[in-house]
Structures are given as C-alpha cells and as structure tokens.
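The sequence shown begins at 1 in our numbering and counts up by one.
Note that these hints are calculated values from the structure, not bench results.
A few of these clues could be false.
Taking lysine-lysine pairs in the DSS-like style, the calculated list, with each CA pair at most 27 Å apart, reads [to be verified]:
id	residue 1	residue 2
1	K65	K97
2	K291	K232
3	K284	K328
4	K160	K186
5	K127	K61
6	K65	K99
7	K232	K160
8	K284	K347
9	K347	K337
Cβ pair distances, simulated, as ranges [stated by the list, open to error]:
id	residue 1	residue 2	range
10	G156	K283	28 to 38 Å
11	D311	H249	36 to 46 Å
12	T341	D363	49 to 59 Å
13	K283	E95	18 to 28 Å
14	E36	Y380	28 to 38 Å
15	K61	F338	13 to 23 Å
16	D281	T341	31 to 41 Å
17	K284	K61	24 to 34 Å
For glycine and all other residues, C-beta sits at the position ideal for the given N, C-alpha and C.
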Amino acid sequence: MVAINFFDCKKMLRQFALVVCALSVVPVFAAVLPDERVDILEHQYDGGGIQVTGPSILVRKNIGKSVSVSANYYVDMVSSASIDVLASASRYSEERKQKSVSVDYMFDRTNFSLGYTTSDENDYQAKTYNLGVTQSFFGDLTTLNFGFSFGQDVVGRNLKGVPDPDFHLDKEQRRYSLNLSQILTKNLIAEISLESGSEACINMAEGETCLNNPYRSYSYLQNGVRALALEKYPLTHNSDAGSLRAIYHLPYSASVRADVRRYTDSWGITATNAEVRYIHDFKKDLLVEVKYRVYSQTEAEFYSDLFPYKDAQNFMARDKELSPFSSKTIGLGLTYKFPWTIPGVDKSTANLFWDHMKIDYEDFRDYANFGGTKAPASGYKVGEEPLYTLDADVIRFYLSFWF
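Build the full structure now, drawing on both the sequences and the hints.
Below you can see the structure in the form of structure tokens.
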C-alpha cells in the first residue's frame, strides 16, 4: 500500500486502483519469488465531491520453486458531484470492475514477469499487458529491473445514462521503466528509476480526440459571463520521469525512507514531489508508519481557467489536473501481527492506512459554487472567483495471510 497520485475523476480512480492493488512498498532487490499470501481489502476515498468505496482481493501462490502466479479482483463504486460535474453536468454514480493476473518465473538470479489487466465501466474499457525482467548482480547487492506495458483503451460516452452507440474512440498507451537498486551498506539501500510513457489516439476522425474527458468543457468569456464548449486536446501525450529513493535502517527497530521524483511531458507540465516516511517496529508485532509528501506542478500549455473567446486556439482545456497546483499529504499506517496461529497460515496481519491530502489550485476558480455560467458571481468579477481547494481522505483497511 502506498500513496495515491492523482485527467478527471475516472483517470484518478484508475490510478488509485493500480496503487491500491500493488500491496507492496519495497522493491525487489534480488531474484526471489513473491511471498505466498492473500490480501482482502476495503478502501474508501472521500474528497472534492467524489466518494469511492469498494473491495479488492489479491491471491499469490507459488508453483514449485520457480513459478509464482497471482490474481486480483478490484471494484470501486463511485458517487460524484465534483467541481467539474457541478460546472457542466449532474451528479452520477457508477461501478468499475478491474481484474488482473500475473506470473513470475525465476531462473538463477533472474526474474521474468508477465501480467494482464482488464478494467470495465459503462463508458470506458481498458486492457493492459505488461512484462518485466529483474536481474541481480554482485552477490545480490545490485539489482536491475526493466519493465514495459502496453494498453489498449476504448473511450465511450453516456447520454442521459445510456451508452452512445456512435461514440467510440480508441487509445493506445506504452510505458517503459528502468530501475537500478544498490545495497550501499548494511543499513542503507538506494534506488534510481527512469520512466517514459506515451499515449496516442488511434483512427480519429477530424476534430476528434481521445485524451480528454468527453463530458468536460472549457469556459470562455461571452457577453460578460462564462460560456462553455467541449475541450479540445492534442492526439498524443509523451512523458518522462526520474526518481531517487533511499531507505535507511536506524540503530533501533525503525527505518526512514525518502523519495524525490521529477516529471516532464510534451504538454508543458513539469512536476516535482518529495516524500519522507518513518517506520517503527514495536515488539515485532506492531508496525507504525508516518509519512509526509509535497507535490507541485506547472500548467499545460493549452490550459486556461477562462479563455477570451470560443475557439481561441487549437487546443483548449480546463481540467484542474492540468492547471498549476500544489498539494500536501500526511499519512499514518498501522500493521498488527496477530499473536495466534491459523491452520495452514504462517502469519496474518491487519493493516490500516489513512492519508489526508490538501490541494491548492493556483489558477482554477470555483465558479460553479459562485454564480455558475448564468451570471457573474455575487461580489466577484468573471474570472476573479475564489480559487478552488480540495481536501480528501483515503482509507485502506486490509487483512493479509501468508501461507
């Protein structure tokens, strides 16, 4: 279980699902198979008018000494009245189901992994294939990992709750990653990671794009008030990121972990985040984790809270996640090892994690709650409404069983 990183509500939820289902915070530093285990999860997200709840179950099982297989089933039930929804649509509820399977094969000091994930909701279907190779060197002190994933998505649209049969957009995604970890001393481990990704719309008709939310609009000035028109995005999106992580074991039963990451993309966004965690082991049966994370980003080249007129440029967006903003996250985690034994189970734990996020948007104004598009907000000029802020809580509770 790790932190959540935030396109719109749907994209945020897909990212959240991938993070929640990972169920691992420490990278693999040598050629070993994953532990045989079962994780049963319940998660909840509440913030910005969006509520998400749902269960997940993850099962890992070894076959002999060289093969490990895993399967995951994840559901989130969404109720949304977010600022984007209030501005141009009505509150909605929906359900998304995600299924994934993977297999790991170990040969000497090398691990090979293959995986497949499918995600279905009433207006978005996604399929992702991934592979990875991990190789350890120098007595397992150095580990090199390469990962690649390929995704095929279908973007749909609902009209008054009914799927639009004439709206069908295809998107492809590719992700590459390279990680090098090194045990520097008996107490210090460091890792450097490089990532590159691309998204592209396939077989688009003139004027179509698949990378934006088909429901969201940008705003422009017309007769002294805000008017709305559907967003227009580029057909491709490329991104690169680099990160550095270190974990240091303290002289007592505790450790400190620090992460720094830098991100840039072809839309002009540059982002930086830093995180520090303190993990303390009390009497080998209670693990306490405290974390603090800061994040900031610049805006996309085609973003504006209010355009001067309709079709002011080729591409136009008012997605708050493409605006300049900063966020702070504090988190607390508790892992309790049950003192009793269960037949066929080597170890079992209960795990509770809570994150609180506060996001301050620097150029995204809350006009939906201050006048809307019909008239200027009372006491405010158009384009000078209060800036939007978001507070959110993420809670994950899960049981883990090793066998």
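### Query
Are the Cα atoms of K284 and K347 separated by 27 Å or less?
holds, 12 Å
### Query
Within 49 to 59 Å or not, the Cβ separation of T341 and D363?
holds, 57 Å
### Message
Looking only at beta-carbon atoms, does the pair E36, Y380 fall within the given range of 28 to 38 Å?
### Response
Between E36 and Y380, where Cβ atoms are some 59 Å apart, the hint is violated.
### Message
Does K61 sit within 27 Å of K127, going by the straight-line distance between their CA atoms?
### Response
holds, 23 Å
### Message
For the hint 13 to 23 Å, verify it against the beta carbon of K61 and that of F338.
### Response
Given a distance of about 21 Å, which is inside 13 to 23 Å, the answer is holds.
### Query
K347 and K337: Cα distance at most 27 Å?
With a Cα-Cα distance of about 7 Å, the restraint between K347 and K337 holds, given a limit of 27 Å.
### Query
Does 28 to 38 Å hold as the CB distance between G156 and K283, or does it fail?
Given range 28 to 38 Å: violated, Cβ gap about 52 Å.
### Message
Just to be sure I understand the hint, the distance between the Cβ atoms of D281 and T341 should be within 31 to 41 Å; is that true here?
### Response
Roughly 20 Å apart at Cβ, these two residues miss the hinted range, so it is violated.
### Pairwise hint evaluation, K99 against K65, where the allowed Cα distance is 27 Å at most
holds, 26 Å
#### Entry: Given hint K328 paired with K284 - CA-CA distance at most 27 Å
Violated, because 31 Å separates the two Cα atoms, which is more than 27 Å.
### Message
Tell me if the beta carbons of D311 and H249 are separated by a distance inside 36 to 46 Å.
### Response
violated, 58 Å
### Query
Is it true that the CA of K232 sits at most 27 Å from the CA of K160?
holds, 22 Å
In summary, the structure is inconsistent with hints 1, 2, 3, 4, 10, 11, 13, 14, 16 from the numbered list given earlier, while agreeing with the others.
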